[in-house]
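> The chain contents come next:
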Amino acid sequence: MPAIELSNVVKRFGEITAVDGLTLDVPKGICLGLLGPNGAGKSTTMRLLTGQSIADSGKIKVLGLDLPKQSKQARARMGVVPQLDNLDVDVTVEDNLAVFARLYRAPDVPAAVNRSLEIARLTDRRKAKVMELSGGMRRRLLLARGLVHDPELVLLDEPTVGLDPQIRTQLWTLIDGLRSAGATILMSTHYIEEAERLADEVAVVNAGKVIARGKPGDLIREHAGTRTVEIYGPPHELDAHREQLELEGVSVRAAGPAIAVLDAEQAPRHLIPDHAVERAASLEDVFVKLTGEDAE
Amino acid sequence: MSADSEAVAVETAKLRRFEPRAISAVMSREVANFRTFWKGTTFSSVLEPTIYLLAFGLGLGSTLVGDVGSIPYVEFVGTGMVATAVIFSSALPAMFGTFVKHHFQRTYDAILATPVDTEELVTAEVLWIGLRSGFYGTFPLLVTIIFFGLDPKLGMLLVPIFCMVTAVGFAGFGVSVAAKAEKIDQFNYVTTLAITPLFLVAGTFFPIDQLPEGFQVVAQLNPLYQLVELVRGAAFGFQTVDILRFCGLVAFSTALWRLACVLMQRRLID
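Taken in order, these protein sequences are the chains called V and W.
In this text, residue positions in the first sequence follow our numbering: the first is 4, and each later residue adds one.
In this text, residue positions in the second sequence follow our numbering: the first is 12, and each later residue adds one.
If you're looking for bench data, these hints aren't it; they were derived computationally from the structure.
Nothing here was measured: the structure is a model prediction, and the numbers come from that model.
A hint or two may mislead.
[Said to hold, decoys possible] When the alpha-carbon atoms are kept at most 30 angstroms apart in a straight line, the in silico DSSO-like pairs for lysine-lysine are as follows:
(1) 72/V with 191/W
(2) 292/V with 72/V
(3) 62/V with 31/V
(4) 130/V with 191/W
(5) 292/V with 132/V
(6) 31/V with 218/V
(7) 132/V with 164/W
(8) 31/V with 212/V
(9) 212/V with 62/V
[Said to hold, decoys possible] Among the chain W residues that face chain V by a calculated CB cut under 8 angstroms, a handful are:
(10) 31
(11) 32
(12) 47
(13) 124
(14) 128
(15) 221
C-beta: ideal position from N, C-alpha, C; glycine also.
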């Protein structure tokens, strides 16, 4: 039985269809990265899984429990780490955790607090008020709060959004530790590197639907080949290169000041200028190819 | 199924609608936060009625106003100010607190991701405000007893219960307003058009039988007026009609609590 099963789920907000026939399953014991651009429906999907949004149609099961009917039972067995910091800033680290241990009905609140403090490496700051913590510590505390009841399933909603690289790396280490310990993780992100490093499998979501699913390496091979070539130059030259390559049926995407030629080993060599830079194909190539170049 | 997962299944099967443990857990968050600002709240709860009683009770009482019936004006105001303390420590914190926790702090998103339903969340919020108001609402009465010579009576032990019941209703009102508000500025309309008139026609500073008849009818429908009458009953002698007054306050609080649950469910679950 998968930890999460969504079948043809639709969620509309007035005229906007945020989730449009989403079908997705998350097997137990894996970390699935839900990768998509802003507005793809990732956060709505997370809210559907916690019962804070009710689907207009389709079926949702979490840990074998039907949502929204058994949402409360499901929430007791999952931990949620939100995108935004919603800690109580005037309260101490351990009191923040103790409140959530009670909310999750942890049978032994002090033990639950101690365990989660250790996971987040915050034991020595337990008496500190949240407002006294650094940004990285606050994110670790948010993670600890979601794990305070030792959940079977962890939902991470953009866990490192807006963080500097050092803090992001700290959190990745913690999330990787969870994954190694066998927790089932659903992690929404729009950071390709995050999905590439942490996820066993990636589901690319766009316009409320899963448009590709697989292991990162498999997705790259399937959609972007093995090598990518980046061509740099003035915009009018890049436009000309792009036009010629696309006439030959080669996939090309904009890559900031360059164009990226996907599956470059299949491209006619005479269309690749000498100054082009060759590199391994990446999940970013897949992501942009599948979700388009225009962000909302 | 392993022994661990069986234990989890048994534990989660116990989760049902409207659980006391969920309500107490949400209240424990309020307690944790309150511990960080209780001194300021207590300070103003003692000082404010003292200043009011000095200004209105002694100032007006010794110059312009004599006794009201057979009650010295300072005692009339002191007992009436219990209602003032209740509305300002229930409706306003509920309105602003709910709005801030929902829109700015995102506290409710975090709580509703745990096994707590909106009904439990709202119940905990209004109960906590009720408890706090029940406690702090008695401060004007204590100040009047300690500094202004009001005789303590056994019936006054019921005052925290009267305050708490009324405060739950006004907390429900505040939560309901916050559930419908799109911007925090909209609370100005509610304060001006609802809270201030309710507070002024509660019989705190003057007896309502001095008002035109229409106002007297409106005042009878004002829960704060009923609270003032109950507090004066506790201080100067209950009447049979006070049982009806109390039942009316219980009905008011129950209705506003339910309204708050319904409106917050619509606001928080989309």
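> Decide, hint by hint, whether the structure agrees.
Hint by hint, here is what the structure shows:
Our distance criterion of 30 angstroms between C-alpha atoms is met by residue 72/V and residue 191/W, whose separation comes to about 26 angstroms. A threshold of 30 angstroms between alpha carbons decides the hint, and for residue 292/V with residue 72/V the separation of about 38 angstroms lies outside it, so the pair is violated. Distance restraint check for residue 62/V and residue 31/V: the Cα-Cα separation of roughly 18 angstroms lies within the 30 angstroms cut-off, and the hinted pair is therefore satisfied. For the suggested pair residue 130/V and residue 191/W, the alpha carbons sit about 38 angstroms apart, so the restraint of at most 30 angstroms is broken.
Between residue 292/V and residue 132/V, the direct Cα distance comes to roughly 45 angstroms. Violation of the 30 angstroms bound is thereby established for this hinted pair. Distance hint between residue 31/V and residue 218/V is fulfilled; the C-alpha atoms sit about 15 angstroms from each other, no more than 30 angstroms. For a cut-off of 30 angstroms, the pair hint linking residue 132/V to residue 164/W is broken: about 44 angstroms separates their Cα positions. As the CA atoms of residue 31/V and residue 212/V are separated by approximately 22 angstroms, the hinted pair is consistent with the 30 angstroms bound.
Restraint check: the Cα-Cα separation between residue 212/V and residue 62/V comes to about 15 angstroms, which is no more than 30 angstroms; the hinted pair holds. Because the closest C-beta pair between residue 31/W and chain V is about 11 angstroms apart, greater than 8 angstroms, the hint is violated. Restraint check, residue 32/W versus chain V: the minimum CB separation of about 6 angstroms is within 8 angstroms; hint holds. The closest approach between the C-beta of residue 47/W and any C-beta of chain V is roughly 4 angstroms, which is under the 8 angstroms cut-off, so the hint is satisfied.
The interface hint given for residue 124/W holds, since its Cβ lies 4 angstroms from the closest Cβ of chain V, which is under the 8 angstroms cut-off. Here the hint on residue 128/W is kept, as its CB sits about 6 angstroms from the closest CB of chain V, short of 8 angstroms. Of the supplied interface hints, the one on residue 221/W is violated, with its beta-carbon coming no nearer than about 46 angstroms to a beta-carbon of chain V, more than 8 angstroms.
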